[in-house]
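2 protein chains.
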Amino acid sequence: MFEHNRDTLEKALSAIAGRGYWSAYPESPSPRVYGEGAAERGKEAFESYLGKPFPLDQPGTGAWIGAERSPYGIDLGVTYPEPVVEDLIGAAKAAMPAWRDAGPDTRALACVEIVNRINQHSFELANAVQHTTGQAFVMAFQAGGPHAQDRALEAVTYGYAAMTASAPIAHWEKPGKGEPLVMDKRFTVVPRGVALVIGCNTFPTWNAYPGLFASLVTGNPVIVKPHPRAVLPLAITVRIAREVLAEAGFDPALVSLAAEEGRGLAKTLATHPDVRIVDFTGSTEFGDWLEQNARQALVHTEKAGVNTVVVDSTDSWRGMLGNLAFSLSLYSGQMCTAPQNILVPAGGIDTDEGHKGFEEVASGLAAAVGKLLGDDARAVELTGAIVNPDVLARVESAPSLGDVVLPSRAVRHPSFPDAVIRTPVIVRVDPSASDVYGREHFGPIAFLVPTASTEESLEVLRRTTKARGALTASAYSTSPEVLDQAESAALDAGVNLSCNLTAGVFVNQSAAFSDYHGTGANPAATASLTDPGYVAGRFHMVQSRRPA
Amino acid sequence: MFEHNRDTLEKALSAIAGRGYWSAYPESPSPRVYGEGAAERGKEAFESYLGKPFPLDQPGTGAWIGAERSPYGIDLGVTYPEPVVEDLIGAAKAAMPAWRDAGPDTRALACVEIVNRINQHSFELANAVQHTTGQAFVMAFQAGGPHAQDRALEAVTYGYAAMTASAPIAHWEKPGKGEPLVMDKRFTVVPRGVALVIGCNTFPTWNAYPGLFASLVTGNPVIVKPHPRAVLPLAITVRIAREVLAEAGFDPALVSLAAEEGRGLAKTLATHPDVRIVDFTGSTEFGDWLEQNARQALVHTEKAGVNTVVVDSTDSWRGMLGNLAFSLSLYSGQMCTAPQNILVPAGGIDTDEGHKGFEEVASGLAAAVGKLLGDDARAVELTGAIVNPDVLARVESAPSLGDVVLPSRAVRHPSFPDAVIRTPVIVRVDPSASDVYGREHFGPIAFLVPTASTEESLEVLRRTTKARGALTASAYSTSPEVLDQAESAALDAGVNLSCNLTAGVFVNQSAAFSDYHGTGANPAATASLTDPGYVAGRFHMVQSRRPA
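In the order they appear, the protein sequences are chains Y and C.
For the first sequence, numbering that gives the first Met the number 0 begins at 0 and goes up steadily by one.
For the second sequence, numbering that gives the first Met the number 0 begins at 0 and goes up steadily by one.
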């Protein structure tokens, strides 16, 4: 039915094999790309949801719930059907056999169609992401729209590749003394069971799509449980998925929404005997709980991490400072990939502008952030707003953790007077204060640590990553030997490394189809977005053979 | 170094994609295949181990332990170095970085070399397998030798395919408004950590090799802990692996033996924080314990199951009875794949020799087994010996479970007077006695169950498989509709199905590179030997990127 999507699937298969640059969904919100009026229509669509029950044809208790409030200071007032857990799971199970029997090709092409339709709603989603996460609009468009869609397609593609790596039928002919033994065999992909995706507050689509589509393409019905503060982007997603599935003749119960106001629905669903896959993004505390308690399920978690930058030397002093300043400021550091610990030798570093002492590095970085965020109106388009009160509390108490190199600054948004906006705080702490920098401080909080040497910096990188996990690591050096040592440390610690970023690539950004997000090799995540380990456990092969 | 093995690896890669017939290691023990004198030299090599410390250059406590006794009635008297757990794990960890850095190609070619060398020791291993498991010689040669070697190569190949599905390096060039962004990226396979393989009593090599080689090829050092009654086949294996690894310049501690006399070493090793992968074959009780307690590890288990035969009708009455009789008798049913429950409509079945009532099916099957095993000297070459006292106790108490259709018979081995040998017992039980036939009775014990209809038989298949697991299912019918219903039941239950086996293919046998062994989709196993899900979790991808 969606045969016209095969070309996209083929290109995506080439992309995951080569892992060079490729993208299916343009990241530019320009009218030249998405059409005149697309931005306006998307904003209207978003606004049409506000203050009303969300149009979702899904059975529930009859109660409509929801209490989302934009970090920009407005109540959304959207409500969602409160689910009945047993009904939700029962409907998902009933929908499964036909989806299984449809086979990998039909499922993959339908999943691509869902992602294509989501892409057509990118502006609507951008507004929904902006007003649930606090991201600035352009970031909400890109990270919540095309970048998330690329990750979705990537997951579909990995799932399809894994399901089709072996032939679906085989003719087996074993030579022998007499007549050969001849059998016909059929190999069927069988889904693991009902899947649960638990969304997060900061990247509701980007972090939920890989699990959602990896499970769906491999034959599993998916229940999407958004974070109570970021329901709308996933409600729109679920609605689109259900529409496409119904169009294709499948039961829309293959994808359903489990909205809540934060009363423990995730625990109930995750430990239900019929829930066989759980994907989660969020706190280490709850991720660990899921791993310990959702024993009947395959559990994939992405949790907290401590991201480290090792500064040894640079041939682009200004490029390095500008790049780091941007990484600290983007979405106020409210990214699992944002750097937290910047390790610099106490004796300073060599640069293309001469030797810089530790204090010069500190003041240089502070000045770079100050310059980048100097103009309020431009600053808010980079930092966005603070997503929730927990982050705000951490920023406000950060000065007590060490010597303040750069204080955080409250910024007033020109259009949203009630938005809570803070620039990054940079705090100097000693290498001995590993109780401080050795754990995650999610938000616009960075630590500058004077180490005895780059060797010690790499040792800190190894130690903190192994102990607390990390999603990114980064190193700056003009020495090939030091870069090799950094690579070696990153391999030992199991963290993805970026070296010498001084221009338009930032450590907190990963490109679908090329960059892996997370590795599974350190405590921050159980798997990568996306690699074979992320999809393989979601299905089984069941064979049937008979004499030919 | 082992570049000459690349052709084998390439052929194996084609085989896992097509899953038709292919084998790398000839299953015939003929001198025309393995050379004149190979059988005699293998026997001498086996005998040279008896009554002595096994030649293994591996550090230990200084104590030499071991208490293997052949089911054919002789003490082996081989002893093995008692390991010091921390030393074993420490040595394995120290060996890991160089093995990781060697990369997928070097590791895969070295693993193929290990399997090739094992193949050269097939006769030696056949004697060791015979005298630890009780298998008859030819079966010990085939299942313990070439068939196990094919499974080993299959695991190497799946691991290699998963590691190399994406390019190891990529040039990323993102077009933009100004200069394109250009990055060079490297993707490195990083092992999960120290792997543990826990061997079983009945198929020490066949069931241990997939885990051993899947972990090793993906970069993990492997500690092999054999069943205390079946150490020698794995000690020989470990010795060969260490020799090849040392020849190739790697630390032989990448593969080590953890022998014990049965004092809980498996629990100590499996829960050690540095053990990150556990492969286990054995009882449901201990498999469940591992899944619950070895929380720091990826755990793959193969446990008990209840294998079912649904008899609806046949166009080969004699072929069906002969095939079933063979499947019940082979290695006295001491196979995880042997049928246990034979479900037949109480009203009988249609056959090419006319309608047969239930009693005729029962007496026909009893006669077929009786004829197959009528001659003692020939019978023992099919049944082998009873592997341990637990199995013997179950056979002896089986008549109390229902109405005996065929009693078990003690057979005297012409060469080994102390061998314990029993033919299968067949017991008729009612469909209501699911407390009896609904659990595994490992050994030469089969139940004949008169059901109301084939529909009920398929329902019993579904129910018992979902509840207790199964490694095989089988159906006989001349009706395409019934075969379709059987396939549908097998998909729902997640079990591999064989239909209408009446000639030289038996339900308890699976051919590497074509048949999957287990599915992971029912409680008998967590994964299949071998599919992508079996290998994918054993390694991670870690990336490094820098501006080009």
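If you are wondering where the hints come from, they were derived from the structure by calculation, not from laboratory data.
One or more hints might be untrue.
Given that identical chains are not distinguished, each listed pair holds provided it fits within a single copy or across any two copies.
[Claimed, not checked] Calculated cross-link-like contacts (lysine to aspartate or glutamate; reagent style EDC-like; alpha-carbon spacing at most 16 Å):
1. Lys465 x Asp434
2. Lys10 x Asp375
3. Lys176 x Glu26
4. Lys465 x Asp491
5. Lys465 x Asp273
6. Lys266 x Glu284
7. Lys42 x Asp417
8. Lys266 x Glu85
9. Lys42 x Asp104
We went through each hint and held it up to the structure:
no. : hint            : in the structure
1   : Lys465 x Asp434 : within (15 Å within a copy, 49 Å between copies)
2   : Lys10 x Asp375  : neither (42 Å within a copy, 64 Å between copies)
3   : Lys176 x Glu26  : between (64 Å within a copy, 13 Å between copies)
4   : Lys465 x Asp491 : within (8 Å within a copy, 41 Å between copies)
5   : Lys465 x Asp273 : between (34 Å within a copy, 13 Å between copies)
6   : Lys266 x Glu284 : within (13 Å within a copy, 27 Å between copies)
7   : Lys42 x Asp417  : neither (20 Å within a copy, 86 Å between copies)
8   : Lys266 x Glu85  : within (14 Å within a copy, 38 Å between copies)
9   : Lys42 x Asp104  : neither (35 Å within a copy, 53 Å between copies)
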